[in-house]
Amino acid sequence: MTTIIDKDFINQITLMQEKELLPKGLLSFIEEIHITQLKAIETLPTIAYPQKDIQTLDKILQGVPLLALDKFPYDLEHATTLFLQLLAIMKKQDDVNMQTAAENILSAYEEKKIILKDIFDAFLRNDENFLQDMDNNTPEAPRTIHFLALCALYPALQATAKKAFETLALPEDHVFIHGTCPVCGSLPYINELRHTSAEGARIAHCGICRTDYRIQRLICIFCNNDDPETLQNFTHDSLPDYRVQACDKCNFYIKIMDFKASGKTSVPPLADLESLVLDHALADKKYKRATWSVWGF
Numbered sequence: 000m001t002t003i004i005d006k007d008f009i010n011q012i013t014l015m016q017e018k019e020l021l022p023k024g025l026l027s028f029i030e031e032i033h034i035t036q037l038k039a040i041e042t043l044p045t046i047a048y049p050q051k052d053i054q055t056l057d058k059i060l061q062g063v064p065l066l067a068l069d070k071f072p073y074d075l076e077h078a079t080t081l082f083l084q085l086l087a088i089m090k091k092q093d094d095v096n097m098q099t100a101a102e103n104i105l106s107a108y109e110e111k112k113i114i115l116k117d118i119f120d121a122f123l124r125n126d127e128n129f130l131q132d133m134d135n136n137t138p139e140a141p142r143t144i145h146f147l148a149l150c151a152l153y154p155a156l157q158a159t160a161k162k163a164f165e166t167l168a169l170p171e172d173h174v175f176i177h178g179t180c181p182v183c184g185s186l187p188y189i190n191e192l193r194h195t196s197a198e199g200a201r202i203a204h205c206g207i208c209r210t211d212y213r214i215q216r217l218i219c220i221f222c223n224n225d226d227p228e229t230l231q232n233f234t235h236d237s238l239p240d241y242r243v244q245a246c247d248k249c250n251f252y253i254k255i256m257d258f259k260a261s262g263k264t265s266v267p268p269l270a271d272l273e274s275l276v277l278d279h280a281l282a283d284k285k286y287k288r289a290t291w292s293v294w295g296f
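The numbers in numbering that gives the first Met the number 0 rise by one with no breaks, and the one at position 5 of the sequence shown is 4.
Derived from the structure by calculation, the hints contain no laboratory data. Keep in mind it's a predicted model, so treat the numbers as computed, not measured. Do not take every clue at face value.
[What the hints assert, rightly or not] Lysine to aspartate or glutamate pairs mimicking EDC-like chemistry, simulated, CA-CA at most 16 Å apart:
1) 70 x 120
2) 116 x 126
3) 91 x 31
Input sequences plus hints: build the corresponding full structure.
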């Protein structure tokens with residue numbers, strides 16, 4: 000399971016700022032969001048996950064998630080507090096569009112035009128129509144509601160996923176045959192090659208509950224295609240630590256990080272941002288990214 004990142008996260012984002020890989024304002028914003036989430040985790044009330052909704056190990060090994068995302072519990076007061084803290088961070092950014100979006104959402108909240116419980120519940124049941132209606136109120140900053148809901152629920156999602164996953168008591172080197180997250184059923188946003196054995200282990204990182212889990216190496220995680228003739232690999236000269244695996248059958252792709260040569264520390268949420276040039280390089284090809292980042296954009 001993924002542990003809370005603090006020092007490694009800060010060190011990595013500092014290096015990214017020095018290299019000017021992304022606008023410094025965006026990186027500072029993400030850093031403040033991360034620190035705020037860490038503080039929120041420390042104040043998270045104990046949340047009991049619903050035992051009756053936990054699936055059996057047999058079903059999990061067949062690809063059924065341990066706990067459906069819409070069954071994940073959260074503390075409304077805690078999530079609301081974090082949501083408003085995130086809005087406050089957005090309001091003080093130099094980006095005018097971000098400021099405007101935050102002000103509009105805060106006004107709607109204060110006037111009770113939006114109900115945060117409805118937003119959180121819609122996010123957990125993946126109700127894109129409802130969330131899109133909310134996002135239509137902030138056209139200057141698309142997916143703001145998605146971002147706020149995901150980041151505000153993160154402490155509860157991560158805590159529940161960690162507790163639930165530990166109940167499985169699977170060996171550390173267990174390989175899941177399905178690409179979706181065994182805990183919540185969501186798709187991974189990035190993969191990682193860890194050299195813990197001679198052949199290496201392919202680790203998937205869930206974009207919602209942040210579970211990391213081992214999957215088969217030579218397979219499309221989206222459609223289980225294992226034909227090497229239809230699995231393409233792309234690299235970029237500026238990013239020797241990354242490659243893309245793309246599938247000709249489903250036309251989805253996933254980025255894979257491999258830090259064996261460079262010895263870099265793995266910080267998946269930042270690695271996804273650091274490797275955006277690969278996403279841009281594939282923009283004019285037939286392949287599509289299947290998921291958003293863990294920041295909701």
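Structure-based check of all given hints:
A distance of roughly 10 Å separates the Cα atoms of residue 70 and residue 120; the hinted pair therefore holds under the 16 Å criterion. Distance restraint check for residue 116 and residue 126: the Cα-Cα separation of roughly 13 Å lies within the 16 Å cut-off, and the hinted pair is therefore satisfied. Between residue 91 and residue 31 the alpha-carbon distance is near 11 Å, which keeps this suggested pair within the 16 Å criterion.
Figure legend: structure checked against the earlier numbered hints; every hint is met.
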